[in-house]
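Q: The residues making up each chain are set out below.
There are 2 protein chains.
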Amino acid sequence: MFQINDNFGKIAGNYLFAEVARRVTSFQDKNPGRRVIKMGIGDVTEPLPAACIKAFHDGVTDMAARETFMGYGPYEGYAFLREAIARNDFQDRGADVSPDEIFVSDGAKCDTGSIQELFSHNLKIAIPDPVYPVYVDSNVMAGRTGAFRDGRYEGLTYLDCTPENGYVPAPPKEAVDAVYLCFPNNPTGATATRAQLEAWVKYALANKALILFDAAYEAFVRDPALPRSIYEIPGARECAIEFRSFSKTAGFTGVRCGFAVIPKCLKAADSSGKVTALHGLWMRRQATRFNGVSYPVQRAAAAVYSKDGKAQVKNLIDFYLENARLFREAILAAGIPCVGGDNSPYLWAHVGGDSWAFFDRLLSEAGIVCTPGSGFGRCGEGHVRFSAFNSRQNVLDAIALLKGVLKKG
Amino acid sequence: MFQINDNFGKIAGNYLFAEVARRVTSFQDKNPGRRVIKMGIGDVTEPLPAACIKAFHDGVTDMAARETFMGYGPYEGYAFLREAIARNDFQDRGADVSPDEIFVSDGAKCDTGSIQELFSHNLKIAIPDPVYPVYVDSNVMAGRTGAFRDGRYEGLTYLDCTPENGYVPAPPKEAVDAVYLCFPNNPTGATATRAQLEAWVKYALANKALILFDAAYEAFVRDPALPRSIYEIPGARECAIEFRSFSKTAGFTGVRCGFAVIPKCLKAADSSGKVTALHGLWMRRQATRFNGVSYPVQRAAAAVYSKDGKAQVKNLIDFYLENARLFREAILAAGIPCVGGDNSPYLWAHVGGDSWAFFDRLLSEAGIVCTPGSGFGRCGEGHVRFSAFNSRQNVLDAIALLKGVLKKG
Chain H
293 MFQINDNFGK IAGNYLFAEV ARRVTSFQDK NPGRRVIKMG IGDVTEPLPA ACIKAFHDGV
353 TDMAARETFM GYGPYEGYAF LREAIARNDF QDRGADVSPD EIFVSDGAKC DTGSIQELFS
413 HNLKIAIPDP VYPVYVDSNV MAGRTGAFRD GRYEGLTYLD CTPENGYVPA PPKEAVDAVY
473 LCFPNNPTGA TATRAQLEAW VKYALANKAL ILFDAAYEAF VRDPALPRSI YEIPGARECA
533 IEFRSFSKTA GFTGVRCGFA VIPKCLKAAD SSGKVTALHG LWMRRQATRF NGVSYPVQRA
593 AAAVYSKDGK AQVKNLIDFY LENARLFREA ILAAGIPCVG GDNSPYLWAH VGGDSWAFFD
653 RLLSEAGIVC TPGSGFGRCG EGHVRFSAFN SRQNVLDAIA LLKGVLKKG
Chain B
293 MFQINDNFGK IAGNYLFAEV ARRVTSFQDK NPGRRVIKMG IGDVTEPLPA ACIKAFHDGV
353 TDMAARETFM GYGPYEGYAF LREAIARNDF QDRGADVSPD EIFVSDGAKC DTGSIQELFS
413 HNLKIAIPDP VYPVYVDSNV MAGRTGAFRD GRYEGLTYLD CTPENGYVPA PPKEAVDAVY
473 LCFPNNPTGA TATRAQLEAW VKYALANKAL ILFDAAYEAF VRDPALPRSI YEIPGARECA
533 IEFRSFSKTA GFTGVRCGFA VIPKCLKAAD SSGKVTALHG LWMRRQATRF NGVSYPVQRA
593 AAAVYSKDGK AQVKNLIDFY LENARLFREA ILAAGIPCVG GDNSPYLWAH VGGDSWAFFD
653 RLLSEAGIVC TPGSGFGRCG EGHVRFSAFN SRQNVLDAIA LLKGVLKKG
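Residue numbers (the working numbering), protein chains in the order written: chain H, 293 to 701; chain B, 293 to 701.
Treat the hints with care, as some may be off.
[Said to hold, decoys possible] Below 20 Å or equal to it, Euclidean Cα-Cα: the simulated SDA-like pairs (lysine to any residue) are:
1. Lys-416/H to Gly-435/B
2. Lys-302/B to Glu-311/H
3. Lys-302/H to Ala-434/B
4. Lys-606/H to Asp-335/H
5. Lys-500/H to Lys-566/H
6. Lys-302/B to Thr-568/H
[What the hints assert, rightly or not] Quick partial rundown of chain H residues pointing at chain B, CB under 10 Å, derived from the structure:
7. Asn-297
8. Pro-339
9. Ala-357
10. Arg-379
11. Gln-383
12. Asp-384
13. Glu-409
14. Val-432
15. Cys-549
16. Cys-557
17. Ile-628
18. Pro-629
19. Ile-691
It should be emphasised that the hints constitute simulated quantities derived from the structure, not laboratory data. Since this is a predicted model, take the numbers as computed values, not measurements. Backbone N, C-alpha and C define an ideal beta-carbon position, used for all residues, glycine too.
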């Protein structure tokens with residue numbers, strides 16, 4: 293008799309954004325015609341950079357003629373894209389990453405969810421709280437946790453991100469085998485200093501632990517003192533995998549392209565002690581479970597690194613960062629502490645109290661949608677996340693509406 | 293200490309097509325200037341249908357303006373594509389499948405590899421021999437098999453596909469919990485009759501087993517008596533998931549789009565006996581591990597179902613089927629038994645002896661690349677696969693070259 297994977301039964305509740313959407317729909321049904329400004333989900337709103345559009349069209353045109361048609365591509369992505377990534381995102385910034393250490397994918401979500409397939413079953417895993425739910429849920433589904441109790445899964449090590457530590461957790465006292473880190477952070481918008489990342493690399497090397505570093509928002513870092521890649525930290529090539537995405541950099545949320553970096557010198561043992569390079573394991577995983585990224589999409593992604601593309605991407609990020617700056621000022625002016633929004637598209641506002649109650653109040657009184665912090669983890673309680681991915685007018689209107697509500701509060 | 297997944301160590305040898313590519317490169321290095329005709333890998337050669345190219349461009353153009361820009365899409369795919377699929381591929385052919393039972397993906401390879409994530413750990417799985425390697429390797433990596441010995445994994449039930457059963461296995465005597473079936477078959481090109489599929493559905497219902505039905509090549513079926521979907525068989529909605537692809541239908545190998553069908557009435561229990569719909573489980577899996585398919589790609593795929601698209605796709609399939617017919621005649625005329633090539637793009641030639649030896653001989657004497665049958669499983673020994681995905685001139689030249697070799701043999 294066919295039996296399902298029991299671990300799916302452990303997954304707690306609905307996917308966060310599904311619940312947000314349900315409450316928004318319910319509000320709109322009860323208040324027809326009422327304007328709603330969505331600052332909850334982190335989805336881009338501005339069109340693709342012109343250079344990407346041109347390259348995307350060129351890629352499609354290639355598929356229209358036998359001579360230029362492209363069938364199955366390399367599992368790891370086309371060399372033209374991997375070479376542009378290695379040079380521009382890493383080598384030009386002093387990080388030692390070669391093109392054959394890059395695996396192009398259909399997004400960082402897919403990669404951060406799939407990477408656990410390389411893990412042994414009984415790994416001790418640390419995750420920040422609050423956290424991007426994919427890191428947790430992918431391990432729950434694979435059976436690496438116990439039951440969900442009091443808002444946490446048994447068997448995971450949670451790293452509290454609190455106002456006290458500026459939402460950047462230090463390495464734990466005990467040894468873990470793998471840790472997920474994300475900077476600039478989703479959901480908090482917090483960034484890690486060089487010294488903070490150095491402490492993590494030192495911890496990983498000392499404990500032979502693996503760092504899963506999600507750098508999907510690195511393009512928003514404007515402070516030159518802040519590292520944008522884990523590979524800017526000496527020793528990281530021996531203990532870290534990095535994930536990147538074109539989603540928030542170049543507006544690719546609906547286009548789907550990202551990549552993972554697995555240095556060739558990154559090695560680990562199986563239960564018998566046999567040492568293997570993770571690079572070869574991931575290549576075998578990708579060859580078996582994946583068939584590469586759409587050729588025209590890879591052409592569009594490569595255009596991000598052209599001269600025009602770079603300038604257009606910078607303008608795009610500038611635009612969202614200015615949204616974030618305006619919103620951040622309004623929140624701070626209202627006396628609400630918050631982090632993020634300077635080197636990040638997200639703001640993490642410490643509103644206090646029940647975060648779903650604040651969500652409901654902000655929606656009913658101002659028509660503004662945020663994301664309740666408790667949906668990202670127990671330490672998210674008392675916080676809400678605002679996303680700067682929006683039109684300027686929506687942001688300005690939201691600021692005006694917000695002022696009215698917070699004054700009353 | 294970080295430990296890798298031991299199961300990767302069980303995987304036997306190189307990926308088949310990597311070994312084929314290695315031998316071809318070695319031959320070309322030793323014989324510079326010698327022409328090589330590749331009839332090994334099943335990759336399309338003809339451009340995308342014009343209707344798909346137009347829709348693909350239109351989709352890219354939508355991404356260039358704020359008003360028409362598309363961000364994150366639905367995890368299960370856009371309704372415009374799912375509705376076109378349900379109507380044209382199923383309802384118009386008398387199969388009861390609704391749009392909300394369809395999950396658009398980046399390919400049938402990804403779906404057939406990921407579906408085992410819904411399976412319990414100790415499932416008894418049957419697979420045909422020879423077989424598309426993804427079904428096996430994805431379960432090996434997930435730890436559902438023992439070691440690889442004498443060309444087979446311990447713990448799997450193998451269904452022999454032989455000249456005696458026309459390469460279509462009957463259900464086994466013993467009960468299994470899940471079975472992978474693929475018709476028209478890759479690699480053999482064999483098709484299953486209605487009676488044969490009825491026997492499988494009857495077996496699955498009697499044993500509460502799940503059928504994983506890979507119909508990636510259904511567009512090549514021209515015999516109206518042959519079923520193209522498992523859902524043409526009564527009872528299949530209660531026991532089968534079907535996988536489809538635009539790769540071979542419309543030349544999307546490098547574009548990446550396919551879909552899975554999970555009927556809402558398809559249910560199974562966990563170890564405690566709690567019954568769950570697989571549809572909801574897969575939705576949860578996709579929401580957690582996947583972020584949908586590129587919007588312009590979904591636009592291109594939907595154009596397959598337009599009036600022009602249908603006519604162009606039919607011409608494309610006709611073209612490859614004529615390649616297959618010509619090659620099949622040449623092989624049969626040489627006195628070599630073969631199946632496939634009539635309602636399938638693949639030919640499975642029973643050449644006898646060692647299939648890698650035949651591969652090497654055909655390459656060195658005729659410059660033709662085939663795929664050795666033993667690479668698909670123990671029962672593939674003595675056979676080679678030819679693919680009809682090629683230009684007409686290459687096929688005609690290969691036929692002429694083949695005659696010289698087979699005469700000598």
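Q: Take the hints in turn and mark each one as holding or not.
A: We went through each hint and held it up to the structure:
1. Lys-416/H to Gly-435/B: 19 Å, holds
2. Lys-302/B to Glu-311/H: Violated, at roughly 42 Å.
3. Lys-302/H to Ala-434/B: Holds - the C-alpha atoms of Ala-434/B and Lys-302/H are around 19 Å apart, at most 20 Å.
4. Lys-606/H to Asp-335/H: 18 Å, holds
5. Lys-500/H to Lys-566/H: 15 Å, holds
6. Lys-302/B to Thr-568/H: 13 Å, holds
7. Asn-297: It holds, given that the least Cβ distance between Asn-297/H and chain B is near 6 Å, below 10 Å.
8. Pro-339: Nearest chain B Cβ about 5 Å off; hint holds.
9. Ala-357: Holds, about 6 Å.
10. Arg-379: With a closest approach of 24 Å, the Arg-379/H hint is violated.
11. Gln-383: 27 Å, violated
12. Asp-384: 28 Å, violated
13. Glu-409: With a closest approach of 7 Å, the Glu-409/H hint holds.
14. Val-432: Constraint on Val-432/H satisfied, holds at 9 Å.
15. Cys-549: Since chain B brings a Cβ to about 8 Å from Cys-549/H, closer than 10 Å, the hint holds.
16. Cys-557: At 14 Å from the nearest chain B Cβ, Cys-557/H fails the 10 Å test, so the hint is violated.
17. Ile-628: This hint is violated: Ile-628/H lies away from chain B, its Cβ roughly 28 Å from the closest one there, beyond 10 Å.
18. Pro-629: 30 Å, violated
19. Ile-691: 20 Å, violated
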